[in-house]
Amino acid sequence: MNPSTALATVLLDAFVRLGLRHLVLSPGSRSAPLAYAAARAADEGRLRLHVRVDERSAGFLALGLARAGELVAVVTTSGTAVANLHPAVLEAHHAGVPLVVLSADRPHELRGSGASQTADAQARVFLPSVRYSADLPAPVDPAAQAPAWRSVVSRAVAAARGLRGDGPGPVHLDVGFSDPLTPSPDVPPASTTGLTVVTGPAAPQPVVLDRGPRTLVLAGDAPDPATGRAARELAEHAGWPLLAEPSSGARGGERAVGPYRLLLDAEDSQGRLGDVERVVLFGHPTLSRPVTRLLARDDVELVVVSPAGTWPDAGFRAARVVPAATVAGRPEPGEQEFAARWDRAAKLAADAVDAVVDEETALAGPWAAREVVRACAADRSVLVVAASNAVRDVDLAGHPLGVRTVSNRGLAGIDGTLATAEGVATVLGPTRLLVGDLAFLHDVNALLPVPGERRPDLTVVLVNDDGGGIFETLEHAAVVARPTFERVVATPHGVDVAALCAAYGVPHVRPRTRAEAATVLAAAPAGLRVVELRTDRAAVRPRLERVAAAVRAAVLDA
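Using the working numbering, you'd call the opening residue of the sequence shown number 470 and step up by one each time.
Incorrect hints may appear among the rest.
Derived DEER-like restraints, expressed as beta-carbon distance ranges [stated by the list, open to error]: (1) S620 / G974: 38 to 46 Å; (2) R766 / A1007: 29 to 37 Å; (3) L969 / R849: 26 to 34 Å; (4) P918 / R789: 47 to 55 Å.
Bear in mind the hints are in silico, worked out from the structure with no lab data behind them.
These numbers were taken from a predicted model, which means no experiment stands behind them.
Even glycine gets a Cβ: it sits at the ideal position worked out from N, Cα and C.
Based on the sequences and whatever the hints tell you, model everything.
This is how it looks when you write it as structure tokens:
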């Protein structure tokens, strides 16, 4: 047996024994031992193998699989292939998503020699954005070294899952392989020597919060569904209003407020909803300036619920950080009156948003967001939402219907959106993705067909306004000369999406009216297809201004 086959086989066997069920591979020469070991494990039914040509798409496919609750590894060859995983690693780091990176490397003695595809810093390329890293040299004596390799895998899995206190996240093993890289017919004998099963800490005891303060529960992005459940349970148990971002896992139930960011604006300007005295924060808030202003107020007590690792506090106002939270006793009169005002305002605001959305006849982002959320609620499919306007449209117009929603909000980039959705759909089943045109084009290689790979049940709902529609809502659009704004900010592209989809072998449909689009969007996801909705970018800002004005008027008139 050649040493490289032995090393790859032992590593993958150890990962599988510790719960690895999916491996994403971008082919290469130096990583061939890992590829052959993965193929053997897949043939034996021990894991599912996914092959992708583009390493960046491979990384985000792995991220999507991991966001769906799986322990996932992604394998690349050496050199620039490894660097193409960096966006996915950064997102996993900031979002707290377990992800195992296995990069193949040349033997250590070739570093600094000018050998092809040998990067001196490859073993450290992801630092400090990984929970654990190891630099494994090319094997010399596999029988003697195998226990140490299994121990490394044990430490990597424990770190990725956050079992030692730092919270879940990515890990990186850089693995040296020497020739021969082709597989040998025999494999190492099965063994668990060196393998360690690590148990995480017990569930934390909740801290009992005082009754009395007028309190909002705020739920930001949370890849772990338990975080969203905890936020929703606290709000419902305490009788406090729940302000939940789409990817929080908490956006549903009787306490959830739909267009909360517009209500916070009304609170800032008019004080009609009663002064907020306390916010209990779960997850990572990322979406709106009104929330940012709320969390930075000196007159609001901020309690952050974070069971492990660090905690979000961009406004530097956190008064307490607790591992879990609960409340005892019945709501006091001031709390009840405060919650009742928010309940009334939430209903009025949702009706006002619907009225503005429905007064138009043209296709529009908020309308698409509302209809996609309704469709997912109707057939219990999963929703993946891209960054920029897509997730904000869901936050604004999508009713809180308890739809399971995934969005890459760790760094809120548009990278890898299609690949992430494919990973989510592969594990969780029928899925809809709401995405803007720039995010779609940025990751179009994820549509590349690979022989032997089954495409998931994923409907890609593409809201195409020919450029960066979110910039129309920011200061740039109002102060920069239009030709300059179009060229360097909005970046229109004029891409023929139908032709692009045809090149990738993906079915494409472009409904012209809302009635046509509603029928298409309601159809259950079956296979991979793209539904393109052409919209007017010039209408984005005026529409949002009308929505904000309508909500403000509704709340003030109540």
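Against the structure, the hints:
1. S620 / G974: 38 to 46 Å: 45 Å, holds
2. R766 / A1007: 29 to 37 Å: 35 Å, holds
3. L969 / R849: 26 to 34 Å: Roughly 31 Å apart at Cβ, these two residues keep to the hinted range, so it holds.
4. P918 / R789: 47 to 55 Å: 52 Å, holds
In the structure shown, no violation is registered for any of the earlier numbered hints.
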